[in-house]
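Q: Chain by chain, the residues run as shown.
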Amino acid sequence: MTASRRSWLRGLSAAAAAAFVSACDRIAGDPGVRAGLRSAERLNLGLHRALFDRRTLAREYPEVAISANFPANGSTNPSDLDYRALAEGGFAAYRLVVDGLVDRPLSLDIAALRALPARSQVTRHDCVEGWSAIARWSGARLAPLLAQAGLKPEARYLVFHCFDTLDPEAGEQGRYYESIDLVDALHPQTLLAYEMNGAPLGIAHGAPIRLRVERQLGYKHAKYVRRIEVVADFSHISGGRGGFWEDRGYEWYAGI
Amino acid sequence: MRLAHVLIAAAVLLLLPSGLQIFNAHPTLYTGETSARERAWLQIGSRERGDSLTGYLRLGGREIETTGLLGWSGPAGEREKRAFPAWATLPGYQSLATGRNWHLAAAWLLGLGLGVYLAVGLASGRLAAVLVPTRRMLRPRAVLADLVGHLTLRFPPAEQGYNLLQRLAYLSVVAVALPLMIVSGLAMSPAVHAAAPWTGDLFGGRQSARSAHFLGALALALFFFVHMAMLVLHQPLRRLRLMTFGPGKDRS
Chain A
5 MTASRRSWLR GLSAAAAAAF VSACDRIAGD PGVRAGLRSA ERLNLGLHRA
55 LFDRRTLARE YPEVAISANF PANGSTNPSD LDYRALAEGG FAAYRLVVDG
105 LVDRPLSLDI AALRALPARS QVTRHDCVEG WSAIARWSGA RLAPLLAQAG
155 LKPEARYLVF HCFDTLDPEA GEQGRYYESI DLVDALHPQT LLAYEMNGAP
205 LGIAHGAPIR LRVERQLGYK HAKYVRRIEV VADFSHISGG RGGFWEDRGY
255 EWYAGI
Chain B
5 MRLAHVLIAA AVLLLLPSGL QIFNAHPTLY TGETSARERA WLQIGSRERG
55 DSLTGYLRLG GREIETTGLL GWSGPAGERE KRAFPAWATL PGYQSLATGR
105 NWHLAAAWLL GLGLGVYLAV GLASGRLAAV LVPTRRMLRP RAVLADLVGH
155 LTLRFPPAEQ GYNLLQRLAY LSVVAVALPL MIVSGLAMSP AVHAAAPWTG
205 DLFGGRQSAR SAHFLGALAL ALFFFVHMAM LVLHQPLRRL RLMTFGPGKD
255 RS
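Chains as they are written, first to last, in the working numbering: chain A, 5 to 260; chain B, 5 to 256.
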């Protein structure tokens, strides 16, 4: 075979391979196909809720298991002006707002949050990327706080609105937010954490308050929480899929 | 069982490349519960050497340059900083979200296929008859003959049923490797781990389970290529027909 014919053949086979790969990618990434695939998510949620005790605790570890290095993902130092102002004041002016479908909307400063029934737990954090790290988290249990606010009968989800803009190009939809249902909201290990490993939560890990929702992957554990909105449905909020990463194709149910 | 085999094959063909896509999001493997740097035993990455990038695979203390294949991968001119190259992942471009969508859906296909395969195979006795080696096959002389036959690529005809090495390979895939892939996959789920911590303990922690899941995938990929090579080497069309339609009436 001549060299020119060989290179021509090589070019042709490379083009055929590229066409095949791009056709595969078009199918693999098609929004309709992906929505179909995500029906597996409903199966997973249904199966987990049917098989597992809803109050099952995530494993708690001894103090020695705490990781020396705990990576910080997503925003690690929000540049949003309202957040910068609060951080410079040592979060003295911070107020957590709890509103939406509640009988008594709340506005709580750090001292009020620290006065709520608390819990401390050494648990493993599993990032969707694949890494894991263990830390001690201390914070206000969410269930008593919700009892104080009083959930209305239509309440189904909690939406956590955060200070940080993780995707500046997406405008208002670039702000981080997350949502959980009442099964996870009322779970005994679900906390509004204000301490990590015995010290006030650092900015990289979500100061002054981050959600701990053990039994779910890291992106559910919203950092820099400023408002908890109780809703019946979250389809009207931001991208409509219940979270910053959910709007970008990740599963809403992050238990797997 | 033939339908279940097709389901399993389809699932594995989707799970392998989508799994590599997920691996690429954090291309390091560890032992133990957490991803402590000092317990990393495999890492794929890239680093600058002079004014060019090189890809590397680090295994324990040893490092192998893998430019083009791993770490700094893809054909020259289109190289990307990613562990496994575009041709090996689903989707080809980098997207952990899409990879997870495919992987978690295909996992149900595998669960379904393997469940049917094992249930029907055990209930009908076919699994014991077809895949468990017979006493006669395990005699030293028969074992030797089977080994020599394979090494010289002279295989017994398909109609005589599976030979010893086939039985051992297939049995370890359906009864050991695939179930372990499912359990190690489940062990990585925080919700499953909360309800059934033994899934993680079985492997010695979540990161060990992730390592086992990767090694298992490697073994299955190897099995798949040998399986395909054997098919091509030995009466491919006849085997394909037997696989899809069963022995039935032999028209050849």
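Derived from the structure by calculation, the hints contain no laboratory data.
None of the values given here were measured: they were computed from a predicted structure.
There may be inaccurate statements among the hints.
A short, non-exhaustive set of chain A residues, derived as facing chain B with CB atoms under 8 Å [to be verified]:
| hint | residue |
| --- | --- |
| 1 | N73 |
| 2 | A137 |
| 3 | Q220 |
Okay, the calculated beta carbon distance ranges per label pair [said to hold, decoys possible]:
| hint | chain 1 | residue 1 | chain 2 | residue 2 | range |
| --- | --- | --- | --- | --- | --- |
| 4 | B | A179 | A | N77 | 17 to 27 Å |
| 5 | A | A23 | B | W112 | 28 to 38 Å |
| 6 | B | W112 | A | Q177 | 28 to 38 Å |
| 7 | A | A115 | B | Y97 | 42 to 52 Å |
| 8 | B | F227 | A | R118 | 55 to 65 Å |
Where is the CB? At the ideal position from N, CA and C, for every residue including glycine.
Q: Hint by hint, say whether it matches the structure.
A: Okay, the hints, checked on the actual structure:
1. N73: With Cβ-Cβ at 7 Å, under 8 Å, it holds.
2. A137: The hint holds - A137(A) has a Cβ within 8 Å of chain B, the shortest such distance being about 5 Å.
3. Q220: holds (6 Å)
4. A179(B) to N77(A): 17 to 27 Å: violated (39 Å)
5. A23(A) to W112(B): 28 to 38 Å: holds (30 Å)
6. W112(B) to Q177(A): 28 to 38 Å: Check passed, 31 Å falls within 28 to 38 Å.
7. A115(A) to Y97(B): 42 to 52 Å: Given a distance of about 49 Å, which is inside 42 to 52 Å, the answer is holds.
8. F227(B) to R118(A): 55 to 65 Å: Cβ of F227(B) to Cβ of R118(A): about 57 Å, so the range 55 to 65 Å holds.
Checked against the numbered hints given earlier, the structure breaks only hint 4 and satisfies all the rest.
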